[in-house]
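Novice: Produce the complete structure using the sequences and hints provided.
End of the sequence shown sits at 495 in the UniProt record's numbering; the numbers just go up one at a time, nothing left out.
Note that these hints are calculated values from the structure, not bench results. Hints are not guaranteed to be accurate.
[Stated by the list, open to error] When the alpha-carbon atoms are kept at most 27 Å apart in a straight line, the in silico DSS-like pairs for lysine-lysine are as follows:
#, residue 1, residue 2
1, K346, K438
2, K435, K285
3, K335, K356
4, K346, K335
5, K378, K438
6, K270, K282
7, K282, K438
8, K270, K413
9, K285, K335
10, K282, K435
11, K282, K335
12, K356, K346
13, K438, K285
14, K183, K147
15, K377, K413
16, K435, K356
17, K170, K190
18, K270, K183
19, K285, K378
20, K409, K438
21, K419, K435
22, K438, K335
23, K147, K187
24, K435, K270
25, K285, K377
[To be verified] Cβ-Cβ distance ranges computed for the label pairs, FRET-style:
#, residue 1, residue 2, range
26, K378, T107, 51 to 61 Å
27, R423, A400, 16 to 26 Å
28, A386, K285, 42 to 52 Å
29, N405, D81, 46 to 56 Å
30, T257, S408, 34 to 44 Å
31, R423, R333, 39 to 49 Å
C-beta: ideal position from N, C-alpha, C; glycine also.
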Amino acid sequence: MFSSPLYITHCLETDIVVTGAVILQIHFPNGICYIKLQQVLAFQDSSVFLQHGKRRDDSSRRERHGSDIVQWLTKNLSIEDPVEALHLGTLMAAHGYFFPISDHVLTLKDDGTFYRFQTPYFWPSNCWEPENTDYAVYLCKRTMQNKARLELADYEAESLARLQRAFARKWEFIFMQAEAQAKVDKKRDKIERKILDSQERAFWDVHRPVPGCVNTTEVDIKKSSRMRNPHKTRKSVYGLQNDIRSHSPTHTPVPETKPPTEDELHQEIKHWQMQLDRHRLKMSKVAESLLAYTEQYLEYDPFLVPPDPSNPWISDDTTFWELEASKEPGQQRVKRWGFGMDEALKDPVGREQFLKFLESEFSSENLRFWLAVEDLKKRPIREVPARVQEIWQEFLAPGAPSAINLDSKSYDKTTQNVKEPGRYTFEDAQEHIYKLMKSDSYPRFIRSSAYQELLQAKKKVLVHLAFVLPLCKAVVMFATILSLLSPVPVQLDIW
Numbered sequence: 001m002f003s004s005p006l007y008i009t010h011c012l013e014t015d016i017v018v019t020g021a022v023i024l025q026i027h028f029p030n031g032i033c034y035i036k037l038q039q040v041l042a043f044q045d046s047s048v049f050l051q052h053g054k055r056r057d058d059s060s061r062r063e064r065h066g067s068d069i070v071q072w073l074t075k076n077l078s079i080e081d082p083v084e085a086l087h088l089g090t091l092m093a094a095h096g097y098f099f100p101i102s103d104h105v106l107t108l109k110d111d112g113t114f115y116r117f118q119t120p121y122f123w124p125s126n127c128w129e130p131e132n133t134d135y136a137v138y139l140c141k142r143t144m145q146n147k148a149r150l151e152l153a154d155y156e157a158e159s160l161a162r163l164q165r166a167f168a169r170k171w172e173f174i175f176m177q178a179e180a181q182a183k184v185d186k187k188r189d190k191i192e193r194k195i196l197d198s199q200e201r202a203f204w205d206v207h208r209p210v211p212g213c214v215n216t217t218e219v220d221i222k223k224s225s226r227m228r229n230p231h232k233t234r235k236s237v238y239g240l241q242n243d244i245r246s247h248s249p250t251h252t253p254v255p256e257t258k259p260p261t262e263d264e265l266h267q268e269i270k271h272w273q274m275q276l277d278r279h280r281l282k283m284s285k286v287a288e289s290l291l292a293y294t295e296q297y298l299e300y301d302p303f304l305v306p307p308d309p310s311n312p313w314i315s316d317d318t319t320f321w322e323l324e325a326s327k328e329p330g331q332q333r334v335k336r337w338g339f340g341m342d343e344a345l346k347d348p349v350g351r352e353q354f355l356k357f358l359e360s361e362f363s364s365e366n367l368r369f370w371l372a373v374e375d376l377k378k379r380p381i382r383e384v385p386a387r388v389q390e391i392w393q394e395f396l397a398p399g400a401p402s403a404i405n406l407d408s409k410s411y412d413k414t415t416q417n418v419k420e421p422g423r424y425t426f427e428d429a430q431e432h433i434y435k436l437m438k439s440d441s442y443p444r445f446i447r448s449s450a451y452q453e454l455l456q457a458k459k460k461v462l463v464h465l466a467f468v469l470p471l472c473k474a475v476v477m478f479a480t481i482l483s484l485l486s487p488v489p490v491q492l493d494i495w
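Specialist: Put into structure tokens, the structure is as follows:
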């Protein structure tokens with residue numbers, strides 16, 4: 001049992017240090033990370049750290065300020081930026097190579113906070129995977145020691161209660177183990193017991209971290225699969241067959257490595273060029289875009305904003321049905337066309353109005369081609385070849401009556417696709433035409449007087465209906481009341 005005090009004492013006395021060679025033999029995904037971190041620890045002064053298995057002034061017993069550790073990293077690793085040294089120190093603390101004495105959060109602060117280096121026995125490079133029963137023994141032992149520094153934190157108390165419910169059947173055995181370890185701890189020297197308690201607490205802070213902190217011992221499933229299949233190749237998402245970046249450097253190295261060929265170097269250059277061209281956004285920009293989108297479509301969500309006109313199925317207002325019967329779009333519907341070209345194209349009335357505008361400017365061939373390709377994708381497969389030829393003859397063939405403007409690359413690719421007709425033969429051409437309409441035709445349609453008049457007209461119709469319909473209802477109700485109260489039939493010419 002790794003938590004046995006006798007075994008821990010034996011390891012502390014014999015100064016067991018896991019070297020990089022041993023780590024390489026234990027093939028696990030985080031091994032390369034642990035090797036690099038332990039190489040950083042090797043820069044310590046010989047009077048402070050253990051070397052060659054001989055006992056010196058044990059670094060795990062000495063307390064150091066956080067600012068001293070930052071200076072030590074800056075000096076020994078030739079780091080120019082103190083922030084970089086602080087970041088590296090935080091990573092080392094998160095992996096458990098040193099820890100704050102009075103805090104469960106494993107991070108490095110550039111101040112007077114006291115830190116202690118972890119003994120090599122508790123290094124994560126030993127590949128321990130502690131079980132919940134071991135954690136239960138540790139927490140149970142803490143409750144037996146009436147010391148303020150060993151009191152359980154809130155999250156530890158919750159974990160203990162959860163483990164007690166999970167291991168109810170063998171809790172007596174766990175309690176006996178904790179009791180035996182507590183008795184052994186009482187026989188230790190006071191200083192040694194205090195140091196060992198802090199080291200054991202730091203070990204569990206790594207493997208059972210405070211809620212909200214990153215668990216550095218979790219194994220990435222991708223790295224784990226690469227370890228199981230170190231020589232397996234896979235196709236890159238960028239279409240590269242021999243992608244040398246498809247494996248993690250943590251797998252077992254191939255004994256014989258061949259220098260990259262000229263084709264592989266060209267593929268790598270192409271890959272990095274594509275990486276440079278990738279569109280990246282900061283999280284703040286993404287959040288701003290999401291908020292703007294939500295605010296823009298807020299009035300179209302009936303769960304958040306009452307619809308106008310209201311739903312006739314849950315209210316007595318029939319305005320919605322009257323607007324639908326008029327075959328004319330409402331003001332909200334027309335306003336939505338201005339959000340983007342997609343909104344105008346997916347609305348049948350919006351497509352119709354957009355097409356009328358382009359016909360008035362004698363430039364409707366682009367939209368008609370786009371609509372024809374969309375219709376082609378929905379056709380039965382037996383009709384596709386004939387429809388492909390019709391679209392080709394109308395829009396793309398030499399001397400076509402409604403020729404569209406394509407770049408040479410899209411035209412050449414479409415020409416090759418026509419030889420084997422399919423539903424997506426004109427996909428490249430359609431994408432090119434879509435970009436042209438989005439940058440030219442659509443902005444002109446939104447700025448046109450036809451769209452503005454349509455938008456203003458719908459506003460006037462809604463205002464008129466909102467005023468007239470309630471007035472008519474009031475007049476009818478008034479006439480009904482008079483007819484009930486008067487003995488003589490009342491006739492009102494309300495129109």
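Novice: Output the numbers, in ascending order, of every earlier hint that fails for this structure.
Specialist: 11, 17, 18, 19, 25, 31
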